[in-house]
Structures are given as structure tokens and as C-alpha cells.
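Protein chains in written order, with the working numbering: chain A, 55 to 403; chain B, 17 to 171.
Honestly, the hints are just simulated from the structure, not real lab data. Source: prediction; values computed, not measured. From the three backbone atoms N, C-alpha and C, an ideal C-beta is built for every residue, glycine too. Be careful, since some hints might not be right.
For the chain A half of the interface with chain B, some residues (derived, Cβ under 10 Å), not all of them [what the hints assert, rightly or not]: (1) Lys224; (2) Ser234; (3) Leu243; (4) Glu264; (5) Asp288; (6) Pro293; (7) Lys337; (8) Ile341.
Simulated crosslink set (DSS-like; lysine-lysine; CA at most 25 Å straight-line) [what the hints assert, rightly or not]: (9) A:Lys241 x B:Lys163; (10) A:Lys96 x A:Lys77; (11) A:Lys238 x B:Lys115; (12) A:Lys238 x B:Lys164; (13) A:Lys241 x B:Lys158; (14) A:Lys292 x B:Lys158; (15) A:Lys241 x B:Lys78; (16) A:Lys292 x A:Lys251; (17) A:Lys241 x A:Lys292; (18) A:Lys104 x A:Lys114; (19) B:Lys163 x A:Lys290; (20) B:Lys94 x A:Lys241; (21) A:Lys292 x B:Lys164; (22) B:Lys164 x A:Lys290; (23) A:Lys224 x A:Lys236; (24) A:Lys394 x A:Lys236; (25) A:Lys292 x A:Lys224.
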Amino acid sequence: MPPPSEAIQRYEIIDRCLTNPYKGFPTIEQLQFNITRELGKKVSFETIQKDIAQMKKPRKEGGYGAPIKFKRSNNGYFYDFNEQPDFTIRQYGLNEKNIEVMELAAGVLQRFSGIMSSDSYNLALHNLYASLNIEKTSKDNKLKNAILPQETGHLRGMEHFEIFVDAVKKEIPVSFIHYSYKKKRFKTLIVHPYLLKESIDRWYVVGYSEDPEHANEEFRFFGLDRIYDPVLIDRKFKPCKDTNELRSLFKNKIGISTINDKQHKSPEEIMLLVSREMANYVKSLPIHPSQVHQDHYSTGEIKITLQLIPTIELITLILSYGEHMQVIKPEWLKKEIKYKLQKTLGKYL
Amino acid sequence: MAKKKVTYKTNGFIISNPDFDSIRKHKHLNLQLLRVTVTNAETKIDFGYQAGVEYDFGEWIKINPKTFIRTYNSDKSKSECIGTFFLNNSTNIPYGPEKYHFSSRTEGRFFSLHFDPIPIDTVMIDLIEEIDGKITDFNFYKIHLAKKENRSEIY
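Assemble the whole structure, with the sequences as input and the hints as a guide.
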């Protein structure tokens, strides 16, 4: 197992302390102070001692082979440069285990085929291998064959992903043509993008639209699949008033849509009864982080509650469980599901 | 008319939802003139076409390869054309006589026409698919390029 990312951050801080010529022989207290300051979280002496022991381990054991010594007279640590001149863990970059994990991650990310097949991704990967002096061998194929991620069809518009990431990062407004599936109309829009949000295998640009029809809205969603020909434009960017608030909006939702009813704008308690057959699945992969297991019945069924702003995606999800999921409350949601099921049934009668 | 060689200091500009006069403007709501992009490499005009009831009679689109732009340096009604710029390429719409047939009456298609670059100080253009064309031809007159409210500089 590779070290968790927080451990790697601690190794890097320790490494910086030990390679800083002005720090002399940092004591364990000084290392603890620096780690706490940089990570914003206090770590114990024991953790730091374990980190040092791990850093000293050879590369094949997941360490760095760091020549860390303890000097009793200064009560502090140092790199023994007689043993390894100019040692720093930065010289290693990624170790073999890291690369293996990265390759697996790249395999999982392959589902975003629009992004992953882009030239810039392939070039980045090529440069990474080149900088690490790694040759791609048949072993890599074996590694790739070890996982089989969910394959999704090619989503139109994913080729615009990078231009929007760039626009968000640099705060540049974007002109693009938008096609509304609902209205069956095209429109040229200028949008100040704040972030890209994924929802049920689709990606959306979230941002402020200059269109007079959207004048009263702080931000809107635009599906990447409905966007044509984005162009970065040179004008003052209208920043998001509160990015944290924007992000928190998604915490209480499944998906991004809203139900066109003013009373469904804040989280509601959703109570569901899950069948014996599906109970373990819903327990092992909760529908939403707010999921609480209210009751376990001797029959194997479970009652769960969720705190959610109702969305079309929530309704679709409940319907996807078919006879295995029953809405207990709220009453309006029970009626909505019943109405949709009756309409569906009507198609087969 | 001879083409002018043009060079721009900026990266060019775009005109969103440009104003224009057209015989099609009110009668053919399924064709939308969406955006004009003017750079030192090309002049690009973007359109959207929404199939509709005409689909039942076989709805298709094509573009005449002899389509051209006429440029004006004034938006006065009697101003004279100062240049002609020809179609170089098209995206998502074939050159006639080849046709793109819509697959359903709910299909919307975005397409672009690419022309030689026009001078940056052009105030107005006509887009002409057929001189004295019929209502079904893609002719757009007096497309305004100088209105500040529609114009954005390219980054």
C-alpha cells in the first residue's frame, strides 16, 4: 500500500526542514510545529517518528532510503550528506508504487474519454514517463488489464472541458452557442464560469450569464453537451459572490436540477423503505452522505432517511429501484412517484 | 472586386446575436443567425437550424459553394459595397448539391460558414447565398458589426 497523501505531505515538510541550511538540527518539537502550521492539524511525536522510520526505509519498501540521523548533542535530526550527498526526497519524484497507482487512476479516468483522449492529456502522460525515465512495457498492459472501469458513451461537448477549466482558473468570460433541449432553440451567450460540476455522467458549466433573460439569477447551469464553439473573450470578469455558498448548494442535492416549486428550495426529510434484496446495497453505498438508517426490520427491510433538496434526479433514482424502494414521506413525493409509475404503466397496457 | 490584405492588432472580435434585415427574419424562424467572428485568419458566421413541421416533407440544408459576403464601411441605407469575400469552408453543412437531411423534427443543427478575413473596420455585411434569392436561400442583409452592445473582443 502506498502511503496516504497526508503522510506524503508530512514527509515533504520533514524533508524541507532537514534540507534547510538555516534550521540546523531540527528537533522533534520543531518538526511538529512546522507540520502543524502547514497542515493546520496537530500530529503526535509518535507519528513523526514513524514518518522518519518510513522515510529511512529503502525504495522497494515504499520509503526513500533517506539518510536521517539523530544528533544527541543538538537533540535534533539531520541528513547525513556524507552518506548521500545533497539528499532530498524531491529527487525521487514518484516512486514505482506511486506510478502504479497513477496508472490505475488513469485507467479509471479513462471513462472520461473526451478528456483523456485529448492531446494535452497524452502529452502530459508522455512527459511524465519521460521525466521519470520510465519505459512503457508489457507490464503496463497487465496493470491496465487488472481493472475494468464503467464505460460510458462519448459525451458530446467533453472536448470543451479544458477551455472551461482554463476560463474558471484564469477568470475569463466565455462566448458560446447554447442549444436548449427543452426550448429547441439556439442562443449565443456570454458566461462568466465559476466551476465545472459533474452530475450523473454529465458535466455542467456553472456561471453567471449576461443574457437579459437570466438577469435575476446569480448563476446558471449549462450542460457541456449543449455547448458549441466556446471562445474566451476579453472583458471584465464578474466574480462569484460566495464560492463556498455555491459549492454548499450541491451538498444537499442529488444532481443539479430543481423542481419548479418554491416550497422545494430547502432540504426536506425524505424517508424511504428499502427492500430486503436491496438493503445491503443501499447500506454499503449510501444514496447520499446524509443517509441515516432509521430502522432495521426482522424481514430484512430497512427504513432510511435523507435530508435533501428534492430534484428530478432524486425522483429518477427512486424510480430506478422499482419495487425495491418505497417513499414513506413526504406525502407530495409519494404522489409524484405514484403518478409517474401510473404513466409508465399506461405505456404497457 | 480585389481582396484587401488585412492585419489586426487585436485577436479579433465577435458579434453575438447580430441585428440584421432579412427576408427570412420573420418567416423562417427555424434558421437562426447566432454569431459573427472576425479575426485576421477568417470571418466565421455561426447558425443554428431547428427542424420542424417541414420535416414531414423532407427537411434538409445545404450551402451554395459560391456564397459570399459583401462589406460596407457605413450602415447608411445607400452606402456602397466596398468588398466581396468568398466562402472558404463550412462546418456541419455540406456544399450543394449534397444535402444534410434531418433525422427528426426535433433535431437542431449548429453550423458555421468560413470566409476570407474582412477588414476590421467593417460596419455592416450582407451574406448572399443567391443573388435575388428565394425565401429558402440563406440571404441575410445589413448584418451590423459595429454595435457595441453585441461586440466582444477575443481574449
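Q. Quick one, are lysine 164 (chain B) and lysine 290 (chain A) close enough, alpha carbons at most 25 Å?
A. Answer holds: lysine 164 (chain B) to lysine 290 (chain A) is near 15 Å, not above 25 Å.
Q | Interface restraint verdict for isoleucine 341 (chain A) against chain B (beta-carbon cut-off 10 Å) | A | Status violated, d = 33 Å.
Q) Should the interface hint for serine 234 (chain A) be scored as holding, given a Cβ-Cβ cut-off of 10 Å against chain B? A) holds, 9 Å
(Q) So if I understand the rule, the pair passes when the alpha-carbon distance is 25 Å or less; does lysine 394 (chain A) with lysine 236 (chain A) pass? (A) holds, 19 Å
Q) Quick one, is the lysine 337 (chain A) hint okay against chain B at 10 Å, beta carbons? A) Status violated, d = 42 Å.
Q: Quickly compare the C-alpha distance for lysine 96 (chain A) and lysine 77 (chain A) to 25 Å and report which way the hint goes.
A: Roughly 21 Å separates the two Cα atoms, so the pair holds.
**Q.** Pair hint lysine 241 (chain A) and lysine 158 (chain B), alpha-carbon separation not exceeding 25 Å
**A.** holds, 20 Å
Q.
Hinted pair, alpha-carbon criterion (25 Å max): lysine 238 (chain A), lysine 115 (chain B). Please report holds or violated.
A. With Cα atoms ~22 Å apart, lysine 238 (chain A) and lysine 115 (chain B) stay inside 25 Å; holds.
Q. Does the structure keep lysine 94 (chain B) and lysine 241 (chain A) at a Cα separation of 25 Å or less?
A. Given pair lysine 94 (chain B), lysine 241 (chain A) is violated - Cα atoms ~31 Å apart, limit 25 Å.
Q.
Check whether the Cα positions of lysine 224 (chain A) and lysine 236 (chain A) lie no farther apart than 25 Å.
A. violated, 32 Å
(Q) Please verify whether lysine 163 (chain B) and lysine 290 (chain A) have alpha carbons no more than 25 Å apart. (A) holds, 19 Å
Q: Starting from lysine 292 (chain A), check that the Cα of lysine 158 (chain B) is at most 25 Å away, please.
A: violated, 32 Å
Going down the numbered hints, you'll see the structure goes against 6, 7, 8, 12, 14, 20 and 23, while the others check out.
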